[in-house]
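**Student:** Spelled out, the chains give:
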Amino acid sequence: MANTESVLRLSLLGQPKSPTQVTEDIAGLLEKPIGIGWWVAFIPAVALLILGITTVSYQISTGIGTWGLNKTIGWAFDITNFVFWVGIGHAGTLISAILFLFRQRWRTSVARAAEAMTIFAVMCAGIFPIIHMGRPWRFFWMIPYPNERGSLWVNFRSPLMWDFFAISTYFLISLLFWYVGLIPDLATLRDRAKPGLRKKVLTFFSLGWDGSHRTWHRYEMVYMLLAGLATPLVLSVHTIVSLDFAAGIVPGWHTTLFPPYFVAGAILSGMAMVLCLMLVLRKVLHLEDYLTLRHFDPMTKVIIAVSCMVGLAYGTEFFTALYSSSQYEQFIFMDRATGTLAWGYWIMVACNVVIPQLFWFPQVRSNLGAIFAICVLINVGMWFERFIIIVSSLQHDFLPSSWSSYTPTSVELATFAGSFGLFFTCFLLFIRFLPVISIGELKTVLTYGRSSGQEGSTHAE
Amino acid sequence: MLSKHSLNTQPMLLISFDTEDALLAGVGKLRGAGHPVIDVFTPYPVHGLSEALALPPSRLPIATFLFGLTGAVSIWALQHWASAVDWPINVGGKPWDSLPAFFPAIFELMVLFAGYGSVLTLFILCGLWFGRQPKRVYAGATSDRFVAVVPAAATLIGETDVRSLLRDCSPVAVTEASDSRTGGRR
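Protein chains in written order, with the numbering used here: chain A, 1 to 461; chain B, 1 to 186.
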């Protein structure tokens, strides 16, 4: 049909698509046999997952003596990995909720996979505090329920308790947000599926969705409400994670800077992880038309912004220590930059603050290989940030006689590797069975069949 | 006024369009000529359609607010009762009823209740539930067709009347559907 492309809307896609093509392209990915590339990724992921399950079983049955902790350093690898994974999760909610409220149309191509990343990252994060308990089978003691011990209630004033509420709410709301977004797409898949088990499962989860506008009308309202609820939620989650540290009196932790510092760091690591995953998906699933520089460019700009915020936080920490005239504070920051863990500190500064500045150059922002390399380095740097914050503060605390050092054991390293196994196994299963790009939402930003030049948002207007 | 429920009982005209522009123009024409459009089945939310169908704004935020309030008040009450009444414990000399320290849990439970409550309300209002079949499958409505539904009996219009009315909007198909459903139970 002639004249169905709006000249006033700038296309987000590599080439203009009609709704029919979008359905064919995205749903079609799930209907043809999966390529060898998927198996090449899936088998190592499952192998790592099995390694993780084995080591977690071993350390639970043997005891936490299998870790490299000592009396001085009571938190190290588990909590580092916990904060690392929670941080990664944050970009998913940023893209799905905050950018939704800001009407960023480019988010439509990335939101679904980013939300999936959030859910799997929070699952990985959740495992670490549970195994860190030492007796994980008593996990349910965190839940305030009437019990036979009194009832002895949990301490609601403790940041660790707030963490329990924050992480579980975050997981449940992310899951809900993701599922609500999936319902129309599941109906699309259902209507294309041949009779059989797949169709039955899709019918079950698509809830009888028929595309009625009366339903869409309310659905959009709920989607916007969920985005509005998830936005302060995501900020609260990493704020509360940072309060786990800031509420302690340990030098290097006891600072009011921590909540914004942690939130910025979380968005930096999460955005980097989203970019890594998207670049791989684009290549492997041949989504070149759907994930273009118009998607990657704003994400790299977000990285510049949060990287500068993180750099500012690193500087502010030093200034606050200097200004505090507390010799313990001053010592710990000098020790971070020049002491035994200085190598880790400078990896962190280089990867999180210096290298991302390359994104100021348009040539770097349009070079997908360079984006991928920088994002991998940011993930390394952000892991080191948490490690440095935790271990460098604990190892050299107030009493030099109790100073110590920490090296992870093979069990801890294998557990960390296992968490990557869990993450990638889940993610690969997701791209195998569910549409990686929101079919319904993408159609709202197409140029097809629209003469009005009004900038469309995603769902709600 | 005709409601969504009349979809099940009356013969209907299903008018399919293949672009958003044609749909909006067509719905405007139909309503302008006095034919009630009961519903439109679309692959994505079409902006401007709610206004074209004169749907009132959703009152769902009221449900969200009430659920959020329930969550916040419940966890506040539990924290207050557990920490200050049932078994007060001195933690670092803080008062029994340490309201500022109770806020993180109050906030989280507010979000949790408001989120799940809103979605539950949506499901109930729109008749969505696990395992349900769609009442009727409108060809292409979950992929690339926009299907407007007009009751044939109420206005005594037929396919030819609609075709001439919508000449400029080029509907791709106009079909008559009885109340027989393709989907099963409801």
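Be aware that a few hints might be false.
As the list claims (entries may be wrong) - In the DSS-like style, the derived pairs of lysine-lysine whose C-alpha atoms are separated by at most 25 Å in a straight line are:
1) A:K199 with A:K32
2) A:K194 with B:K135
3) B:K94 with A:K199
4) B:K29 with A:K200
5) A:K32 with A:K200
6) A:K71 with A:K283
7) A:K283 with A:K32
8) A:K283 with A:K301
Said to hold, decoys possible - A few chain B positions that, by computed beta-carbon distances, are all more than 12 Å from chain A:
9) V73
10) S83
11) I89
12) A105
13) A152
14) D161
15) A173
16) E176
Simulated from the structure, these hints should not be mistaken for lab results. Glycine included, every Cβ here is placed at the ideal spot set by N, Cα and C.
**Student:** None of the hints should be skipped; say for each whether it holds.
**Tutor:** Hints, verified against the model:
Proximity of A:K199 to A:K32 is assessed by CA-CA distance (about 15 Å); at most 25 Å being required, the pair is judged to hold. Annotation: proposed proximity of A:K194 to B:K135 holds, straight-line Cα distance about 19 Å (limit 25 Å). Our distance criterion of 25 Å between C-alpha atoms is broken by B:K94 and A:K199, whose separation comes to about 58 Å. For the suggested pair B:K29 and A:K200, the alpha carbons sit about 39 Å apart, so the restraint of at most 25 Å is broken.
Simply put, A:K32 and A:K200 have alpha-carbon atoms about 19 Å apart, close enough for the 25 Å limit, and the pair holds. For the hint pairing A:K71 with A:K283, the CA-to-CA distance comes to about 48 Å; that exceeds 25 Å, so the pair is violated. For the hint pairing A:K283 with A:K32, the CA-to-CA distance comes to about 17 Å; that is within 25 Å, so the pair holds. For the hint pairing A:K283 with A:K301, the CA-to-CA distance comes to about 22 Å; that is within 25 Å, so the pair holds.
Even its closest Cβ contact with chain A, about 15 Å, leaves B:V73 beyond 12 Å, as expected for a residue assigned away from the interface. Under the 12 Å C-beta cut-off, the non-interface status given to B:S83 relative to chain A is violated; the minimum distance is some 6 Å. The beta carbon of B:I89 is not kept farther than 12 Å from every beta carbon of chain A, the shortest such distance being approximately 7 Å. A beta-carbon of chain A is positioned within 12 Å of the beta-carbon of B:A105; the least distance is around 5 Å.
Consistency note on B:A152: stated as away from chain A, and its beta-carbon is indeed over 12 Å from all of that chain's, at 19 Å minimum. No beta-carbon of chain A is positioned within 12 Å of the beta-carbon of B:D161; the least distance is around 23 Å. The beta carbon of B:A173 is kept farther than 12 Å from every beta carbon of chain A, the shortest such distance being approximately 15 Å. At roughly 19 Å from the closest C-beta of chain A, the C-beta of B:E176 stays outside 12 Å, upholding its exclusion from the interface.
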